[in-house]
Every structure is written in C-alpha cells, then in structure tokens.
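Asker: The primary structure of each chain is shown beneath.
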Amino acid sequence: MRALGRFLGSMALLLALGSPALAEPRAHCAVRSISASRGAGGIDPQLADLQAQLTRPPFTEWKSFRLLAIHQVELMPGSTSSFALPEDRQGLLIYKQHLLGEGGRHRVRLQLEIRKGSEVQLSTVFVLDEGGTVLTAGNKYGDGILILGVACKTDS
Amino acid sequence: MTRPTDLHRLHDGELEGVQFEPDQLDEVDRARLQAIDEVGTAVRSALLGASQKVDVWSGMAQRLAAVDEARQKQTTLRRWRSRARRGLALLVPAVAAAGMLLWIRSTDPRVTNDCDIELLDVSGATATVMEVPDASGQGATTVIWMTEEAR
Chain A
84 MRALGRFLGS MALLLALGSP ALAEPRAHCA VRSISASRGA GGIDPQLADL
134 QAQLTRPPFT EWKSFRLLAI HQVELMPGST SSFALPEDRQ GLLIYKQHLL
184 GEGGRHRVRL QLEIRKGSEV QLSTVFVLDE GGTVLTAGNK YGDGILILGV
234 ACKTDS
Chain B
46 MTRPTDLHRL HDGELEGVQF EPDQLDEVDR ARLQAIDEVG TAVRSALLGA
96 SQKVDVWSGM AQRLAAVDEA RQKQTTLRRW RSRARRGLAL LVPAVAAAGM
146 LLWIRSTDPR VTNDCDIELL DVSGATATVM EVPDASGQGA TTVIWMTEEA
196 R
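Residue numbers (this note's numbering), protein chains in the order written: chain A, 84 to 239; chain B, 46 to 196.
Not one of these hints is a red herring.
Okay, the calculated beta carbon distance ranges per label pair:
| id | chain 1 | residue 1 | chain 2 | residue 2 | range |
| --- | --- | --- | --- | --- | --- |
| 1 | B | 166 | A | 111 | 23 to 29 Å |
| 2 | B | 156 | A | 124 | 26 to 32 Å |
| 3 | B | 145 | A | 163 | 35 to 41 Å |
| 4 | A | 186 | B | 170 | 32 to 38 Å |
| 5 | A | 185 | B | 165 | 21 to 27 Å |
| 6 | B | 137 | A | 161 | 37 to 43 Å |
| 7 | A | 111 | B | 136 | 29 to 35 Å |
| 8 | B | 116 | A | 186 | 53 to 59 Å |
| 9 | B | 181 | A | 173 | 29 to 35 Å |
| 10 | B | 195 | A | 120 | 19 to 25 Å |
| 11 | B | 164 | A | 171 | 21 to 27 Å |
Some chain B residues flagged as far from chain A (calculated, every beta-carbon gap over 12 Å):
| id | residue |
| --- | --- |
| 12 | 52 |
| 13 | 69 |
| 14 | 75 |
| 15 | 79 |
| 16 | 85 |
| 17 | 86 |
| 18 | 87 |
| 19 | 89 |
| 20 | 94 |
| 21 | 109 |
| 22 | 110 |
| 23 | 117 |
| 24 | 118 |
| 25 | 122 |
| 26 | 129 |
Footprint (simulated), chain A over chain B, 3 or more residues, beta carbon under 8 Å:
| id | region |
| --- | --- |
| 27 | 158 to 167 |
| 28 | 174 to 180 |
Bear in mind the hints are in silico, worked out from the structure with no lab data behind them. Glycine residues also receive a C-beta, built at the ideal position from the N, C-alpha and C atoms.
Let the sequences and hints guide you as you build the complete structure.
Answerer: Structure representation (structure tokens):
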C-alpha cells in the first residue's frame with residue numbers, strides 16, 4: 084500500500100515536472116523555403132518527406148520543387164527568430180507556447196509572419212504537432228511560387 | 046595409634062565435640078599430623094602460586110573486545126541494510142513510475158502533421174486553408190494557400 088502511494092506520488096511528481104506550466108521545453112524549428120515552378124525537374128531529394136503532399140492538389144500545377152534554404156533555429160517560449168526570404172521578403176517565427184495534446188502528444192503554438200517592406204503579407208498563429216509540418220504557399224517567386232514548410236521538435 | 050582418617054578429620058577440624066587429650070596422641074600420630082599439615086601447606090602454596098601465574102582477565106578482555114567488534118560490525122551492517130531497504134522502497138516505485146511514463150510516451154511514435162490554425166491575417170492576397178493527405182494516407186498536412194491579388 085505504501086509502495087503504491089510512493090508510485091503514484093512519483094508519477095504525479097514526474098508529470099508535474101514534465102508539465103508545460105513548470106518547465107516549457109525549447110523548440111528546435113526548421114523553416115524550409117521551397118521554390119515551385121512549372122518546368123520539369125521533379126522533387127528535390129531533400130524534400131522526399133514532402134513528396135506525397137507535393138504531388139497532390141493544389142500542387143499538381145507545379146512540376147519542379149527545389150529546396151532554396153533551411154532556416155534552423157532554437158527557440159525558448161516567447162522568443163522570436165527572423166530569417167530572410169527570397170525577393171526581399173522577411174520571415175518571422177515566434178514560439179508562443181508548448182502544449183500537451185491528446186495522449187500526451189507534444190504540440191507547439193507558433194506565429195509565422197511573412198513581411199515585404201512594411202507590409203505584413205501573412206500573419207498566422209497555429210498549433211502544430213511536434214515533428215509535424217505545416218505549409219504556406221502562394222507568394223510569387225520567379226515564374227512559380229514560394230512554399231514555406233515549418234516544423235518543430237521540442238526538448239521534452 | 047589413632048586411625049589415619051581420624052587424624053585427617055582432626056587436622057581439618059571435623060571432630061567437633063570429640064575430646065582429644067594430648068596424651069591420647071602418640072609420637073607417630075603427632076608426626077603424621079605434622080606431615081599432613083606440611084603437605085596441606087605445600088599443596089595450598091602450590092595452587093596459590095599456580096593461580097597467580099594464570100592471567101585470566103587479559104584473555105577475557107581480548108574475547109570481550111572481539112565480541113564488541115563483531116557486535117559493532119553487525120550493527121553497522123544492520124543500519125546499512127535498513128538504509129538500503131528504505132532507499133529501495135523509494136527508488137523502486139519512482140523507477141517504475143518513470144518507466145511507465147516513458148512507455149506511455151513511446152507507445153505512439155507516429156509523427157503526425159495535425160495543425161490547428163487559430164489566427165490568419167493576409168494582406169494583398171486571399172488565403173485558403175486546406176488539407177493535403179500525407180505519405181501515410183492516414184493523416185493530412187495543413188496548407189495555407191495564398192492567392193496574391195493583381196495590383
């Protein structure tokens with residue numbers, strides 16, 4: 084009975100220590116800039132994990148996908164990172180919060196902004212599963228479009 | 046002449062109430078009494094001398110010290126066992142709890158792309174949120190699609 088009490092106490096302590104309220108983990112994020120064009124070229128091998136998505140609508144209009152850059156950053160909750168994007172655009176990634184989803188799944192609340200000069204072309208807040216990817220697409224780039232892929236992992 | 050047993054009893058003072066007149070003992074009896082006395086004195090001296098040479102205490106003290114040391118070792122061992130038992134009683138449930146949490150977390154290693162858009166603001170474009178099936182076919186990746194307005 085005493086051992087059961089200690090077991091439950093340890094569980095509670097470990098859960099409390101692992102809870103976001105007490106210690107929010109750092110996030111390791113990667114923002115991939117991808118150019119999509121109509122000319123033949125296929126999918127860059129570095130984008131193999133996105134092959135299924137990039138060969139389905141609404142991306143079927145583009146036949147060539149090339150990785151332009153990867154912006155990798157380590158963020159503490161509440162911190163911001165900016166990065167350069169093609170055609171004088173600037174990206175801004177804000178790690179707002181770490182969350183525990185259903186079944187103890189780690190999630191991150193992020194804000195992504197795309198700016199050109201003083202204009203904020205996109206500002207979005209989203210909650211994403213750890214390791215998952217969200218895509219933004221449509222900004223003109225060359226004769227095609229610019230795609231951004233955002234993914235984060237946490238220390239937890 | 047008196048019987049030797051009576052002489053011994055007389056020498057040891059065991060003939061209470063029996064009167065012995067000095068003239069009742071002849072020369073031989075007296076000589077025997079003296080001999081008994083001398084032998085008795087010699088035996089007593091020999092025993093006393095022997096007993097003084099025996100150092101009983103030092104032997105006992107050594108044994109007592111050994112017993113004390115053994116007891117101390119036993120007490121230390123008992124204390125260590127008790128502490129170890131107490132430590133294990135705390136450690137085992139803690140390790141079990143940590144193991145269970147790790148197991149719970151590792152039961153679903155699948156990476157998913159679930160994404161909830163909470164806020165979306167665009168300027169100079171229209172935005173559409175759509176979902177594209179991912180490689181597993183079981184999940185979907187969220188795509189924020191912007192269509193820039195002609196200027």
